Structure formats: C-alpha cells, structure tokens
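A.B. asks: The sequence shown begins at 22 in the working numbering and counts up by one.
Since the hints were derived computationally from the structure, they do not count as laboratory data. Bear in mind that the values here come from a model prediction, so they are computed numbers and not experimental data. Among the clues, some could well be false.
So the derived label-pair ranges between C-beta atoms look like this [as the list claims (entries may be wrong)]:
1) I65 to R158: 43 to 51 Å
2) F74 to G159: 42 to 50 Å
3) A73 to Q132: 38 to 46 Å
4) I62 to Q161: 20 to 28 Å
5) L70 to V141: 24 to 32 Å
6) G72 to Q161: 36 to 44 Å
7) E147 to I62: 24 to 32 Å
8) G159 to I65: 52 to 60 Å
9) Q161 to L61: 26 to 34 Å
10) A73 to L133: 39 to 47 Å
Where is the CB? At the ideal position from N, CA and C, for every residue including glycine.
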Amino acid sequence: MSETSAGAPPSEPEETTVDRFEHEIEDLEKPLGLGVKQWLIGVIVAVGLIGAFFLGTQLQKKKADEGSLAITTIDIQEPRNTILSDKPRVFRWESISRATGYIVRIQESGQLTDLIVREVPNNWMEITPDEQARLVRGGQYQWSVRARGSDGWPIGEGKASFGL
C-alpha cells in the first residue's frame with residue numbers, strides 16, 4: 022500500500038541538479054530583448070563619452086593647470102613654414118592665458134646662434150630695421166616663441182620656419 026494519503030495528488034519528483042542546470046542554460050540563451058530604441062540610446066551615450074574625451078584633451082592642451090609642469094603648444098600664426106617674398110616685419114602667435122611675457126628667438130636653420138632674441142609682453146613682435154637687415158635673401162630661418170608664467174617658468178612653446 023502507498024504511503025500517500027487518499028485523495029492527495031501524487032507528489033512530483035524533486036528537481037535534480039542537472040534539471041536546474043538545464044533551466045539556467047535555457048535562461049542564458051534567451052535574447053536580451055534590447056530593442057532598437059535601447060541600442061540607439063547606447064550608441065548615443067558612447068558617442069557622447071568619446072566626444073567629451075576628445076574635447077577635454079583639446080582643452081587641456083590649450084590650458085595647462087596652474088600647478089602643472091605641462092608646456093602648452095603655442096600655435097604660430099605668422100610667418101610659418103613658407104617662403105616669403107619680402108623680409109618679415111611682424112611675428113605673431115597664439116596668446117596663452119597666464120603668460121606674463123614671451124621670449125622670441127630667430128636663428129638660421131641648423132645653427133645654434135641667435136640672430137634675434139627679444140622678450141615682449143604681448144603675442145606679437147615687430148622687428149626693427151636693424152634686426153630685419155640680419156635676415157638675408159636665400160636664407161632659411163627657424164623661430165620659436167616661449168611663454169613665461171608669473172614665476173618665470175615656461176608655460177608654452179611654439180616653433181616655425183620660413184625662407185626668403
């Protein structure tokens with residue numbers, strides 16, 4: 022005689038470990054259910070994060086922190102990497118925030134001797150007729166500008182070349 026009470030439904034067999042494992046596998050194989058809307062939102066968020074990263078790196082390149090030892094790259098405006106028909110009179114470059122002055126050096130390309138060295142308070146320099154006479158036709162020149170902070174340390178630098 023059976024140990025189950027009369028009228029009670031027969032008990033179901035217990036789920037084995039193998040059965041539970043198979044159910045878990047079935048659950049893992051089900052699609053995640055991401056629709057087009059969720060996928061599009063994910064793509065937009067990813068593009069936003071990448072854009073913010075690149076924007077942040079560009080802003081940091083232009084502005085070094087007060088306590089940072091990083092040197093900002095100064096964009097040279099004129100003359101830059103060209104052959105000129107006339108001797109240049111004005112040299113211009115990007116202004117750097119926190120700069121208290123700029124040191125400008127002009128040299129013959131490949132030489133270490135400075136033809137012109139001057140410190141100026143703004144982001145341009147007009148050379149004198151005497152300085153202009155040091156630049157000869159057919160010559161190749163390189164020039165650099167270095168921004169200095171209030172403590173005297175360099176905070177930015179830019180370089181370019183030109184020929185006559």
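A.B. asks: Tell me the hint numbers this structure goes against, listed in increasing order.
C.D. replies: 1, 4, 5, 7 and 9
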